[in-house]
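Peer 1: For reference, the chains in residue letters:
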Amino acid sequence: MNTAGRPAIVASGVRKAFDETNVLDGVDLTVTEGSIFALLGPNGAGKTTMVRILSTLISPDAGQVSVAGHDVVRESDAVRGVIGVTGQFSALDDLCTGLENMRLMADLNHLGRSAGQSRLTELLDRFGLADAAKKPVTTYSGGMRRRLDLAMTLVGEPRIIFLDEPTTGLDPASRRMMWDSIRQLVTGGVTILLTTQYLAEADELADQIAVLDRGRIVAEGTADELKRRVPGGHVRLQLPTADSVYAAVALLEGASYDEKKLEVQVPTDGTVAALRYLLRVLDEAEIEVHHLSIHTPDLDDVFFAVTGLPTEEALAPS
Amino acid sequence: MTTLAYTLSDSATMTRRNVRRLLRYPSMTLLLVGLPIVFLLLFVYVFGGQLSRGLGNSLAGGHVGRDAYLNYVVPGVLLLTVAAAVQGTAIVVAMDMTGGIIDRFRTMAIARSSVLTGHVLAALIQTMTGLAIVFGFALALGFRPTAGVDDWLAAIGMIALFAFALVWFATALGLAAKSVETASNTPMFLTLLVFLGSGFVPVATMPIGLQQFARYQPFTPVTETMRGLLTGAPIGANGIAAIAWSVGIVFVSYLWAMRLYRGRRDS
Numbered sequence: 001m002n003t004a005g006r007p008a009i010v011a012s013g014v015r016k017a018f019d020e021t022n023v024l025d026g027v028d029l030t031v032t033e034g035s036i037f038a039l040l041g042p043n044g045a046g047k048t049t050m051v052r053i054l055s056t057l058i059s060p061d062a063g064q065v066s067v068a069g070h071d072v073v074r075e076s077d078a079v080r081g082v083i084g085v086t087g088q089f090s091a092l093d094d095l096c097t098g099l100e101n102m103r104l105m106a107d108l109n110h111l112g113r114s115a116g117q118s119r120l121t122e123l124l125d126r127f128g129l130a131d132a133a134k135k136p137v138t139t140y141s142g143g144m145r146r147r148l149d150l151a152m153t154l155v156g157e158p159r160i161i162f163l164d165e166p167t168t169g170l171d172p173a174s175r176r177m178m179w180d181s182i183r184q185l186v187t188g189g190v191t192i193l194l195t196t197q198y199l200a201e202a203d204e205l206a207d208q209i210a211v212l213d214r215g216r217i218v219a220e221g222t223a224d225e226l227k228r229r230v231p232g233g234h235v236r237l238q239l240p241t242a243d244s245v246y247a248a249v250a251l252l253e254g255a256s257y258d259e260k261k262l263e264v265q266v267p268t269d270g271t272v273a274a275l276r277y278l279l280r281v282l283d284e285a286e287i288e289v290h291h292l293s294i295h296t297p298d299l300d301d302v303f304f305a306v307t308g309l310p311t312e313e314a315l316a317p318s
Numbered sequence: 001m002t003t004l005a006y007t008l009s010d011s012a013t014m015t016r017r018n019v020r021r022l023l024r025y026p027s028m029t030l031l032l033v034g035l036p037i038v039f040l041l042l043f044v045y046v047f048g049g050q051l052s053r054g055l056g057n058s059l060a061g062g063h064v065g066r067d068a069y070l071n072y073v074v075p076g077v078l079l080l081t082v083a084a085a086v087q088g089t090a091i092v093v094a095m096d097m098t099g100g101i102i103d104r105f106r107t108m109a110i111a112r113s114s115v116l117t118g119h120v121l122a123a124l125i126q127t128m129t130g131l132a133i134v135f136g137f138a139l140a141l142g143f144r145p146t147a148g149v150d151d152w153l154a155a156i157g158m159i160a161l162f163a164f165a166l167v168w169f170a171t172a173l174g175l176a177a178k179s180v181e182t183a184s185n186t187p188m189f190l191t192l193l194v195f196l197g198s199g200f201v202p203v204a205t206m207p208i209g210l211q212q213f214a215r216y217q218p219f220t221p222v223t224e225t226m227r228g229l230l231t232g233a234p235i236g237a238n239g240i241a242a243i244a245w246s247v248g249i250v251f252v253s254y255l256w257a258m259r260l261y262r263g264r265r266d267s
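Going down the list, the sequences are from chains H and P. Mapping to the working numbering: the first sequence position 143 is 143, numbers consecutive. Mapping to the working numbering: the second sequence position 9 is 9, numbers consecutive.
One or more hints might be untrue.
If the Cβ cut is set under 10 Å, some of the chain P residues that face chain H in the computed set are [what the hints assert, rightly or not]: (1) I101; (2) R106; (3) A176.
One side only, chain P facing chain H, incomplete, derived with CB under 8 Å [stated by the list, open to error]: (4) T3; (5) T13; (6) R17; (7) R20; (8) Y25; (9) G100; (10) T107; (11) I110; (12) K178; (13) E181; (14) F195; (15) L196; (16) G248; (17) R262.
In short, the hints are calculated from the structure, not lab data. Ideal placement from N, C-alpha and C gives every residue a C-beta, glycine not left out.
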């Protein structure tokens, strides 16, 4: 999807401190038009602050930021004209219905009555909210609130969309629905920058990922590029007896084992040839294998490798 | 559309939004209207008989006893209504600022002033409605204004202007408040100013120091102007003072509120 090539968002040397604590400590990033860019990091990494700077809510202490070619500080009105923002905390009017919230957006985007109406109907349908449109949003589930939030952002047809932790706190089904909605958006040429603390989410959605940790970008690339930076691909064998564990370890180069669990781990590059070779060696030695699993490095490994910290998110369901 | 047309359209949209929010939450409006009504009943029926003895003939407006005091106190109760209503404005503004939707507005290409204008106009509609209810109550208790058509229009204009001023002031207080609790407390002194003026008893009956304060604070000239227009008591220089105070409060509060709104910098 990285074909357009033109940058939609360019940030360089962005710094921001609150009460003398550096929240952002020199962040550079470039987001290509029509792509999904994920800013990945744990709580407190500075993700939300970065989104607030990009969306003109706060000014950076230092550094340059341009969105769609406009400077976010000097030309903030021009930036606001092309962006849509869905923040971490729902930006809905709780005392109103879903439809009233949507109509508010249509009015503020100066859409005429009929044009506005058809756009609202289309968006409410697309986000599965048509039936609940006339109910107050206080009766909505978490997933419905997030979808309405995103639908409200889309009323103005923004070309660049910021999503701050769009699925935090959602159940797996709602998360899937949200992912589908986000993927649909880029097919229309929209650029998306999202933040997430879920490694699986960045892997699932993003063309380009930047890992943000304590105010700095500590790694950047596609999901595959990041994974390649991390060793750790291995095959895990479950064997029937301790004796077979020792026999297997003697045969296989670089193998490690856990005799209590009756497990052997063998490093692999993940190719079919390597796997075939491994199985042939075990066959020839007549070592029975109960179970075999291939572990390729995931973004959890990446995160651990570049930040040196296990993330609480690594424990979250993906 | 021109910039001005966008500003008007956005302000109208925001006003509709806030009026709808006030309608969805009627208990707050009722509570705020309830306070001046309770004070009206309390002062007329509990204290009124006694307090009426301190009123000279000109203030009694030809009435005697409790009716004379009712005649005297209604303008004060109307100002109390404004003071109580804008307390609600500060709360509503602070609540709105703590919610996520303001950040959404601030990332949209809409007229910057429209968010506050919407709050102010909706609050003004709410306050004027409250005034109409309280005034209707006063009429039911036997209040009989002597005002002619011009006086009526001037009285409505005066109270609307003063309400507009206090609504802007309360909006600024709501923006300045760090929390909704603070916002609900800070405007309380406005209620007190009605009492520390000529709202409930003539200023001349107060000790000297307090008299000085009462004469030169904004509620007194507005109360006296309203009293003059509705019941025919002398207005004197109070009319000019009341308008000057109101315009001054609008001007300062508007600048303060816009500054607070533009400068909001939370993390």
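Peer 1: Next step is simple, just say for each hint if it's right about the structure.
Peer 2: Now the hints, each set against the structure:
{"no.": "1", "hint": "I101", "verdict": "holds, 5 Å"}
{"no.": "2", "hint": "R106", "verdict": "holds, 6 Å"}
{"no.": "3", "hint": "A176", "verdict": "violated, 19 Å"}
{"no.": "4", "hint": "T3", "verdict": "violated, 11 Å"}
{"no.": "5", "hint": "T13", "verdict": "holds, 4 Å"}
{"no.": "6", "hint": "R17", "verdict": "holds, 6 Å"}
{"no.": "7", "hint": "R20", "verdict": "holds, 6 Å"}
{"no.": "8", "hint": "Y25", "verdict": "holds, 6 Å"}
{"no.": "9", "hint": "G100", "verdict": "holds, 4 Å"}
{"no.": "10", "hint": "T107", "verdict": "holds, 4 Å"}
{"no.": "11", "hint": "I110", "verdict": "holds, 5 Å"}
{"no.": "12", "hint": "K178", "verdict": "violated, 15 Å"}
{"no.": "13", "hint": "E181", "verdict": "violated, 19 Å"}
{"no.": "14", "hint": "F195", "verdict": "violated, 34 Å"}
{"no.": "15", "hint": "L196", "verdict": "violated, 36 Å"}
{"no.": "16", "hint": "G248", "verdict": "violated, 31 Å"}
{"no.": "17", "hint": "R262", "verdict": "violated, 11 Å"}
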